[in-house]
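So the protein lines, in turn, are chains A and B.
For what it's worth, this note's numbering labels the leading residue of the first sequence as 441, then goes sequentially.
For what it's worth, this note's numbering labels the leading residue of the second sequence as 435, then goes sequentially.
Rather than coming from a laboratory, the hints here were simulated on the basis of the structure.
There's no promise every hint is true.
Unchecked claim - Just so you have them, the derived chain B footprint on chain A, three or more residues with Cβ under 8 Å:
| hint | segment |
| --- | --- |
| 1 | 484-490 |
| 2 | 499-506 |
| 3 | 600-608 |
| 4 | 611-619 |
Remember, it's a predicted structure, so these values are computed and weren't measured experimentally.
For each residue, glycine too, the CB sits at the ideal point set by N, CA and C.
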Amino acid sequence: MGLQDDVAKIMVPEPELQARVAELGQAINATYCDADRPLLVCVLKGAFVFLADLIRHLEMRHEVDFMEISSYGAGTVSSGVVRILLDLAQSIEGRHVLIVEDIVDSGRTLDYITRNLRTRGPASLRVCTLLSKPDRREIDVPLDFVGFEVPDEFVVGYGLDFAEEYRNLPFIGVLKEEAIRQRANQ
Amino acid sequence: MQLPNAVERILLDEETIAARVRELAAQISADYADEDDLILVGVLKGAFIFLADLARRLMVSHHVDFIAVSSYNRGTVNSGAVRLIMDTRTSVASRHVLIIEDILDTGHTLDYLLRNFRARKPASLRSCVLLSKPERRQVEVPVDYLGFEIPDLWVVGYGLDYADRFRTLPYIGALKQEAHE
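Turn these sequences into a full structure, and let the hints steer you where they fit.
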């Protein structure tokens with residue numbers, strides 16, 4: 441299939457990734473109790489792999505829900521204005537909400553989501569992201585749980601895609617330049 | 435491991451599920467080895483854990499998409515009518531579509547989805563289901579890849595919920611009778 445051949449280097453190997461997900465789970469366990477019954481809001485598509493592993497480490501009672509959003513911007517630049525394709529199945533009024541993201545880049549999408557969810561009157565609103573690229577940040581958006589801060593490179597795997605490929609790589613890798621060019625031309 | 439009060443027993447433990455998911459992934463990888471346009475369509479919410487684990491074991495290139503459906507249910511009785519809340523983002527025309535479901539019960543939801551997707555003229559259309567309860571079946575529906583056949587118990591965990599609870603248990607457990615009455 442050659443997907444792994446398109447990877448220039450592995451930024452976060454699978455064991456390190458899994459260990460960090462477990463640590464994030466422990467940090468979340470220390471933050472919420474059963475009575476809080478936090479609602480984990482997974483932002484599709486990218487975060488579903490992270491969510492599937494993260495929840496296995498959670499010890500308090502919790503629920504999951506999904507949002508799918510689409511940026512109006514084309515290509516890899518996020519305009520920050522997003523369209524909600526799938527909204528939450530339930531009301532979050534009075535609930536403790538934990539947004540689960542795969543990556544925070546410019547921060548615009550997350551900023552929009554947090555502002556949107558805050559208008560719904562949650563009891564609390566926190567953010568857990570697997571990756572953060574501080575160099576790319578355009579809007580300061582508070583992150584409560586961060587897996588890894590990564591440099592501004594084109595990362596794929598563990599839910600993160602490029603042109604819908606590479607999501608299922610079990611590690612975080614950096615794409616080769618020629619793979620980016622080749623897929624961008626397809 | 436301490437079970438939640440409402441869970442009577444573990445039906446399928448983590449290792450058993452993981453081993454079966456590996457087998458399914460190997461079979462799917464072999465079957466689609468010569469195809470380069472496979473799209474996995476996960477049915478929310480229940481299928482996301484199964485999909486996350488299955489996709490990581492696949493050796494073939496593929497895309498992932500999601501749909502969200504809701505039954506027009508009265509309580510736990512499935513009327514057979516399904517409402518599509520979110521459709522796939524991309525067209526599936528002329529592509530190899532594999533629908534990923536957590537559980538096959540009456541068969542109404544999957545039957546609807548297969549008919550709905552067939553109308554979109556995919557190159558091929560198959561289904562992959564983690565659990566099947568044959569005793570509950572009301573409509574015959576083809577399953578190409580099946581994880582486990584299970585008896586007619588109320589099961590939770592690994593994506594399956596009861597009123598949104600127990601969805602994220604790492605195993606498949608059977609609820610106590612009194613818990614779902």
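Q) Of the hints stated earlier, which fail here? A) 4
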